[in-house]
Amino acid sequence: MEQVLDLGHSAPRGLLRFIKRWLFTTNHKEIGTLYLLFSLLMFFIGGVFALLIRAELFQPGARLFNPEFFNQMTTLHGLVMLFLAIMPAFSGFANWMIPLMIGAPDMAMPRMNNWAFWILPVAAILLFSTLFMDGSAPNFGWTMYAPLSTTYGPASTDYLILAIHLMGLSSLMGAINIIVTILNLRTPGMTMMKMPIFCWSWLVTAFLLIGVMPVLAAAVTMMLMDRHFATSFFSAAGGGDPLLYQHLFWFFGHPEVYIIILPAFGIISQIIPTFSRKKLFGYRFMVYALLAIAFLSFIVWVHHMFVTGVPLAAELFFMYTTMLIAVPTGVKVFNWVTTMYRGAISFETPMLFALAFVILFTIGGFSGVMLAMVPADFQYQDTYFVVAHFHYVLVPGALFGAIAGAYYWLPKMTGVMYNERLGQCHFWLSVIGVNLTFFPMHFLGLAGMPRRIADYSLQFANFNAIASLGAFIFGFAQLFFLYIIIQAMRGKGKKASAQVWEGAEGLEWTLSSPPPLHSFTTPPKFE
Amino acid sequence: MLVQSGNISNKKILILLCITTLGMFGFGFAMIPLYNVLCKNLGINGKTDKNAYLTSNKIDLSRSIRVEFMTNNNNYLPWDFYPRLHHIQLHPGENILIYFAAKNNSNRSMTVQAIPSVSPGLAARYLKKTECFCFTQQTFDPGQHRDMPVLFHIDQHLPKNINTITLAYTLFDTTGLKQSKLAKQSLAHIPG
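Just so you know, the protein sequences line up as chains A and B, in that order.
The numbering of the first sequence is this note's numbering, which starts it at 1 and goes up by one.
The numbering of the second sequence is this note's numbering, which starts it at 1 and goes up by one.
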């Protein structure tokens, strides 16, 4: 059987056959690899944008380029990192690992899977093409607030809108596929509550995607209509309301941050038990916490808009619901810590990133609770404190989650152990770089430095210099990551066993490393 | 599609999820009337009623309210636009006629729409206009100058804790845009 199936994928010769093979692949492992490599490329492009921002902010005085270009960089950095780096990275892990974890032969809808991926490069090209257009690339921040994006948006905004539509379509198709796969393709005996927690985190994420991505699509469609078809959804002159855009955007935007972080929660919840050589503490509560976070994420969006003049009652409601999120999140952190308690812990690179995740994400969570408080938020709004907060939850949060997952599953995917020493170098440089970059931003924000501006007052100079230094350390540390992945993909390194990690449990570790292209063609036994 | 093991077929889940997706897309658009209805009924976003009210005939002499007038030009509109009177002290129920001066400084004929906003937002529904230049679009010839009237009163049920109200107008350039549907409706319908 194996041989017959492999015939269809026998080593292709010639460039055309190579392109055809990857363009038309419907194999979940190959599509997963495509997602992961694409996201790695986008991570470096978004990283270059970030370093340009930090280079400009190294000294006061806007020396390197004009503020207009700075605005384009902040906009594109945000959009690229969220939609093209972090989200595809987790889609990649989902594609690779979910069928292996639940004992399925592939994703439920392989052809749609192929389509979902190949839309992304098209969206990326649309987005990057705006940089080379007359006028300017989108320059109003990743939030795309009207009227900055409608009345004042550059001509290239239309390309951004279409790119958002495509990225939304891609993630929706991915989400639908994941839901059907998880609901219907589990191996006999694997009930929902016996499913690996990573699958649970992605199931919840997929439902969040279906809940909010269409709302973003609707909002940018209205933006397009306001720009070209003389409607006034967001224009007060014609009876619309610019504030409505913010409501629509953040109705999407807040669940979006959980779309980004929940898969990272899932990965961390796989890694910590493995390297603690214990079962995940409180599995049931981990699942309930995921569901609670997902539910709450829909009823907190106005906390992004406290200074827009919403009535007191609404401020109170959204303040309390926001603070409530700290409860299920606290449950998760507690359970991770308790999983490690009295475990036989070893500190390989995935575990190091997971530990950094738990500590640094929690710092980001705390500054989130500070921001949730209405009177405090009035002061923090649009300052670097907000920048510090969301970078703490996104970089050592979501990104470290993805990197931890990459190290954790790289031996399974490639069949060879990565270079542990280089991995540790990558970790320590990253963790020092991240904190040097983002911790001073808390102080800058509390001192009143506004975000999204290319220049600043002299009193902010020292902390900004430190932050820029940290950013360059962090940025260049990622070259270790790139090198490690390339070496592993070339098969350089010690051969990995099927189980790879001593404490690893689950169906994916019963397969050889790397697993055959077609695995679990008959459902495996699950105890 | 691959064989399934669940109770509901892959196709059925796929269809359900696609319907949900489309439903949420529709919900995005449904947010607009929903938002307007909520804001209007709760009176929370500082928009005054687009309907014209009859003048008041009862005055509550026991209270005195300060009303301030502000003007803004949207998007560098080349117009002069300012209130003839910057603030006024009045009693609830008192009918007040004030004028806003406007001048088109450009060398072409322009149409503008004034959009009112009241602060604090909760006071908006108690500021009742009988006549306002903001009910319709205004067309000015190049260099034309005109005083535009607002006849209004403050409803006697204004919450006791509100003593100062700011009425701000922003002038938008609507040259070439059609009279908005809402503005047309409000002219046709004058409630008692």
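Treat the hints as calculated values from the structure; they're not laboratory data.
Please read these numbers as outputs of a predicted model, since none were measured by experiment.
Incorrect hints may have been included.
[What the hints assert, rightly or not] Listed below are the simulated DSSO-like cross-link pairs for lysine-lysine, each with C-alpha atoms no more than 30 Å apart in a straight line: (1) B:Lys103 to B:Lys47; (2) B:Lys47 to B:Lys128; (3) A:Lys20 to B:Lys103; (4) B:Lys58 to B:Lys11; (5) B:Lys129 to B:Lys103; (6) A:Lys525 to B:Lys160; (7) B:Lys47 to A:Lys194; (8) B:Lys12 to A:Lys194; (9) B:Lys129 to B:Lys40; (10) B:Lys129 to A:Lys525; (11) A:Lys279 to A:Lys20; (12) A:Lys20 to A:Lys278; (13) B:Lys58 to B:Lys103; (14) A:Lys194 to A:Lys278.
[Claimed, not checked] Using C-beta positions, here's what the derived DEER-type ranges look like: (15) B:Asn75 to A:Ala62: 54 to 60 Å; (16) A:Val327 to B:Asn51: 29 to 35 Å; (17) A:Thr231 to B:Leu151: 42 to 48 Å; (18) B:Asn163 to A:Arg63: 21 to 27 Å; (19) A:Leu446 to B:Gly176: 54 to 60 Å.
[As the list claims (entries may be wrong)] Covered stretches of chain A (in silico footprint by chain B; criterion: 3 or more residues with CB under 8 Å from a CB of chain B, positions within the stretch not fixed): (20) 178-185; (21) 392-403.
Where is the CB? At the ideal position from N, CA and C, for every residue including glycine.
**Q.** lysine 12 of chain B paired with lysine 194 of chain A [C-alpha distance capped at 30 Å]
**A.** Judged against 30 Å, a Cα distance of about 24 Å means the pair holds.
Q: Would you mind confirming whether the straight-line C-alpha gap from lysine 58 of chain B to lysine 103 of chain B stays at or under 30 Å?
A: Distance ~36 Å between lysine 58 of chain B and lysine 103 of chain B Cα, so the pair is violated.
Q: For the pair we were handed, lysine 129 of chain B and lysine 40 of chain B, check the Cα-Cα distance against 30 Å.
A: holds, 16 Å
Q.
Checking one constraint from the list: CA of lysine 20 of chain A to CA of lysine 278 of chain A, max 30 Å. Satisfied?
A. violated, 44 Å
Q. Lysine 279 of chain A and lysine 20 of chain A: Cα distance at most 30 Å?
A. Status violated; Cα separation ~43 Å.
Q) Taking only the CA atoms, is the gap from lysine 129 of chain B to lysine 103 of chain B under or equal to 30 Å? A) holds, 23 Å
Q. Within 42 to 48 Å or not, the Cβ separation of threonine 231 of chain A and leucine 151 of chain B?
A. Once the Cβ atoms are compared, 32 Å apart, the range 42 to 48 Å for leucine 151 of chain B and threonine 231 of chain A is violated.
Q: Given the hint that lysine 194 of chain A pairs with lysine 278 of chain A, test it: the Cα-Cα distance must not exceed 30 Å.
A: holds, 16 Å
Q) Is the hinted pair lysine 103 of chain B and lysine 47 of chain B satisfied, with a Cα-Cα distance of at most 30 Å? A) holds, 25 Å
Q) Falls inside 54 to 60 Å, the C-beta gap from leucine 446 of chain A to glycine 176 of chain B? A) At 48 Å between Cβs, range violated.
(Q) So is the stretch 392-403 of chain A in contact with chain B by the C-beta rule, three or more residues under 8 Å, or is the coverage claim wrong? (A) Contact hint for the stretch 392-403 of chain A vs chain B: violated, 0 residues under 8 Å.
(Q) Next pair to validate is lysine 47 of chain B with lysine 194 of chain A; report whether the Cα-Cα distance is within 30 Å. (A) violated, 54 Å
Checked against the numbered hints above, the structure breaks hints 3, 4, 6, 7, 10, 11, 12, 13, 15, 16, 17, 18, 19 and 21 and satisfies the rest.
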